Amino acid sequence: MQIAQVRGTVVSTHKVPSMRGIKLLLVQYIDEEGQLLPKYEVAGDLIGAGVSEWVLISRGSAARIEVGQESKPLDATVVGIIDTVNVERNALYSKKEAERLL
Amino acid sequence: MQIAQVRGTVVSTHKVPSMRGIKLLLVQYIDEEGQLLPKYEVAGDLIGAGVSEWVLISRGSAARIEVGQESKPLDATVVGIIDTVNVERNALYSKKEAERLL
Amino acid sequence: MQIAQVRGTVVSTHKVPSMRGIKLLLVQYIDEEGQLLPKYEVAGDLIGAGVSEWVLISRGSAARIEVGQESKPLDATVVGIIDTVNVERNALYSKKEAERLL
Amino acid sequence: MQIAQVRGTVVSTHKVPSMRGIKLLLVQYIDEEGQLLPKYEVAGDLIGAGVSEWVLISRGSAARIEVGQESKPLDATVVGIIDTVNVERNALYSKKEAERLL
Amino acid sequence: MQIAQVRGTVVSTHKVPSMRGIKLLLVQYIDEEGQLLPKYEVAGDLIGAGVSEWVLISRGSAARIEVGQESKPLDATVVGIIDTVNVERNALYSKKEAERLL
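Protein chains in written order, with full-length UniProt numbering: chain A, 1 to 102; chain B, 1 to 102; chain C, 1 to 102; chain D, 1 to 102; chain E, 1 to 102.
Check before you lean on any hint, since a few could be wrong.
Each pair may be met inside one copy or between any two copies, as identical chains are not told apart.
Calculated cross-link-like contacts (lysine to any residue; reagent style SDA-like; alpha-carbon spacing at most 20 Å) [claimed, not checked]:
{"no.": "1", "residue 1": "Lys-39", "residue 2": "Gln-28"}
{"no.": "2", "residue 1": "Lys-23", "residue 2": "Ala-91"}
{"no.": "3", "residue 1": "Lys-96", "residue 2": "Thr-84"}
{"no.": "4", "residue 1": "Lys-95", "residue 2": "Asp-83"}
{"no.": "5", "residue 1": "Lys-95", "residue 2": "Gly-50"}
{"no.": "6", "residue 1": "Lys-96", "residue 2": "His-14"}
{"no.": "7", "residue 1": "Lys-96", "residue 2": "Gly-50"}
{"no.": "8", "residue 1": "Lys-39", "residue 2": "Arg-20"}
The set of hints was computed from the structure by calculation and includes no laboratory data.
Just so it is clear, the structure is predicted and the values come from calculations on it, not from any experiment.
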């Protein structure tokens, strides 16, 4: 999985039937030092992730594993909202700390 | 999924039988700031996307999820025409606005 | 799918049993402006594509969708010989024109 | 598979149900000369790999092959802890040697 | 498929059960001009490829197509030892010639 930050939303009304009822987020990938990369994904969201939160993105057929997603044409899905990322015991990211700074 | 702009069409008459009846679009990927990338896809189109429209592209096995596409050798499909892309509440793209400017 | 030009052939006699009977082409990818990229694929060929022709390449599990290819370890297949590529109504490539110039 | 070094951990409490019970490691990819690359993966861990160990990462649907992982939305899994990497009979990496130097 | 040269071996004793009995080779990718790329794969080997040989690598689910490999977590497999690569009728590689020069 990759780490990404929720940046916004994508809306499409004219789409293939299998795309109906999917909430689409624009998420931007984050590198191993916590910086935004010039790389994004439009990912399906089942868990209500909000703008600026860090999330875990599963890609490929993994994006359709969750029950109810099998017949949706998803190649990327938000599978979790990240609480903490620790690298060698140092916190690279803490959701609590990030929210405190807002 | 990735955001792309429809740029043109690809025609192939001599092809494997499973490719019959697929309309092929040349779509060029768009980055997270709304600029064209030097990267494209030849994608199957089921929804009649037109030149210059922004579309959502599903890749990999996701490209064959829609009913009727399962036995086509597609690794990229147009799954929706994009109405709006919003990044932190600002509009990166609006189909209405784009059409007004044509 | 990606656009590629047939450049040559690859021969392998000592191989896994599932690879038997596959004709292998070396195809080089072409960018959205019609130039060769420093990127290639060794692709299975079912349709008899010839050197210098432009072809469509399907990758991933899409490469094994065609009837009879399901149990071959292919991750890239030539699925069509390209007649024309049009970008905003201009011809980026025309097979007829390319042959006339040879 | 790719070679990676375990760098840390990722914790997510609010996630899709299929993600429950997965231990997530942040692993950073290593190049063919043994150097860390600016590229990482958040990978599921079944074997208890520890920080600084070199591991093998399987990606894509391969990440869900192990019994019990089929219905988890994993696109990357630690499938082995590496003992040795030899390139043309020279040791690029030896776990024993690495531990001796700690 | 991609062309790669066998460079060495990888050994892992502590691994997931599905990884048992797989011989792992470190193979380095080769570009369309026959030069080594700074890109490698740890690939399963069923055919006994030796150091310095050029091989064909299948990736993704194609790596598990060969009978007996379906339940192994492989995302890359050596599917053939290459005899010749010809580009526009010139030999880019010949196994016989390579062995004569050793």
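Taking the hints in turn, this is what the structure says about them:
{"no.": "1", "hint": "Lys-39 to Gln-28", "verdict": "both (6 Å within a copy, 15 Å between copies)"}
{"no.": "2", "hint": "Lys-23 to Ala-91", "verdict": "between (30 Å within a copy, 17 Å between copies)"}
{"no.": "3", "hint": "Lys-96 to Thr-84", "verdict": "within (9 Å within a copy, 31 Å between copies)"}
{"no.": "4", "hint": "Lys-95 to Asp-83", "verdict": "within (5 Å within a copy, 32 Å between copies)"}
{"no.": "5", "hint": "Lys-95 to Gly-50", "verdict": "within (12 Å within a copy, 24 Å between copies)"}
{"no.": "6", "hint": "Lys-96 to His-14", "verdict": "between (39 Å within a copy, 13 Å between copies)"}
{"no.": "7", "hint": "Lys-96 to Gly-50", "verdict": "within (14 Å within a copy, 26 Å between copies)"}
{"no.": "8", "hint": "Lys-39 to Arg-20", "verdict": "neither (25 Å within a copy, 28 Å between copies)"}
The structure fails hint 8 only (numbered hints given earlier).
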